[in-house]
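J.: Take a look at the letters that make up each chain.
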Amino acid sequence: MLVIRVLLGGLLLVSGALKVAHPTDLAASIAGFRLLPATVVGPIALALPYIELLLGAYLIAGLFTRIVATIAAIQFLLYGGAIASAVLRHISAACGCFGPNDVSVADWPHVGFDLALAAASAFVAYGAPGALAFDRKLRRA
Amino acid sequence: MTKRSLILATAVLVAVIAIGAVLVYFFGPGHRQVQTASQSPVVGKAQVGQPAPAFEVSSTAGLFDLGKATKPVFLEVFATWCPHCQRETAVVDRLYRKYGSRVEFVGVSGSDTGMDGASPASELDVLNWARRFKVTYPVAYDPLQNVANLYLQGGFPTFAIISKNKKIAYLDSGEIAYNDLDSALDKALSGH
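Line order of the protein sequences matches chains A and B.
Heads up, the first sequence is in this note's numbering, so the first residue is 1 and it goes up one at a time.
Heads up, the second sequence is in this note's numbering, so the first residue is 1 and it goes up one at a time.
Heads up, some of the hints might be wrong.
Claimed, not checked - Here are the simulated DMTMM-like cross-link-like pairs (lysine to aspartate or glutamate), alpha carbons at most 20 Å apart as the crow flies: (1) B/Lys-167 - B/Asp-65; (2) B/Lys-134 - A/Asp-107; (3) B/Lys-3 - A/Asp-135.
Claimed, not checked - A few chain A residues facing chain B, derived, Cβ under 7 Å: (4) Gly-32; (5) Gly-42; (6) Leu-46; (7) Ala-47; (8) Tyr-50; (9) Ala-94.
Claimed, not checked - Chain B is nowhere near these chain A residues, computed Cβ spacing over 10 Å in every case: (10) Met-1; (11) Val-14; (12) Gln-75; (13) Cys-97; (14) Phe-98; (15) Gly-99; (16) Val-111; (17) Gly-112; (18) Ala-116; (19) Phe-123; (20) Ala-125; (21) Gly-127; (22) Ala-128; (23) Ala-131.
Think of the hints as simulated: they come from the structure by calculation, not from any bench.
Just so it is clear, CB atoms sit at the ideal spot from N, CA and C, and this is done for glycine as well.
Could you put the whole structure together from the sequences, leaning on the hints where they help?
T.: Okay, structure coming up:
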């Protein structure tokens with residue numbers, strides 16, 4: 001449980017860090033899925049890396065674990081849904097999952113990966129807060 | 001630090017991120033436009049309504065000579081490294097499936113840089129690109145970028161639809177929606 005929580009947190013930290021300096025590339029990747037209007041894509045591309053960094057840091061620290069892991073699970077489900085819809089519409093959208101250098105085309109294995117991450121996040125939320133979590137200290141306080 | 005203050009700090013942080021993103025998007029420099037084309041300094045002499053500049057290339061379907069084309073022509077000028085071109089392949093493939101028997105399709109590479117953004121462009125690079133992105137329409141490597149110099153509209157990909165009488169019916173660059181290209185092709189076929 002602790003290992004999964006830290007791995008998920010680490011993954012979100014890396015993913016957010018790789019995107020944070022490239023909002024224009026991220027916007028192009030999100031726009032490539034052709035699901036959202038441009039006025040929404042821009043702010044999402046600017047905010048998403050910071051949200052991922054925040055979720056990652058909170059998961060690693062075990063702070064508000066249940067709610068943070070639930071948000072992460074929803075986020076991974078949304079990613080998986082967006083990729084599945086692109087695959088079904090035959091859109092070869094670049095995943096952009098790990099920054100501008102990730103030009104792998106969104107496909108079914110990506111959907112599977114996101115669903116697995118969503119399941120892992122749900123598991124963390126269910127078993128929250130788990131060992132070495134800041135939440136435990138808060139409970140005692 | 002109490003739970004209450006941590007919740008408050010988190011809420012403030014999330015609000016700052018959300019409000020900051022909206023402010024930067026609407027008032028910050030350069031973020032307002034979501035890029036849909038990879039910039040290129042080249043703007044060719046091709047113009048809508050004008051005779052289409054002649055070109056010939058050796059494509060994966062054989063020699064393509066605009067002067068000998070008997071059907072309307074759908075031309076794409078792309079760069080293998082351009083993410084917008086990579087995404088747009090699915091749109092062009094769909095159009096090719098619909099119009100392939102009535103329109104001549106040809107994609108021509110228009111950059112001297114390869115798919116990795118560093119190595120020089122080559123015939124093999126174009127073929128690898130076509131294989132990687134499951135391109136089914138004919139594509140050609142143009143070593144001197146002659147077609148790009150004639151048709152490119154400042155960005156990759158650039159699309160031109162050339163009517164049967166060899167006039168340019170449509171010319172635009174960027175990730176263009178399927179419906180827009182579909183109606184442009186429909187118009188070119190009906191002779192409007």
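J.: Taking the numbered hints from earlier one at a time, note which ones the structure violates and give those numbers from smallest to largest.
T.: The structure conflicts with no hint, since it agrees with every one listed earlier.
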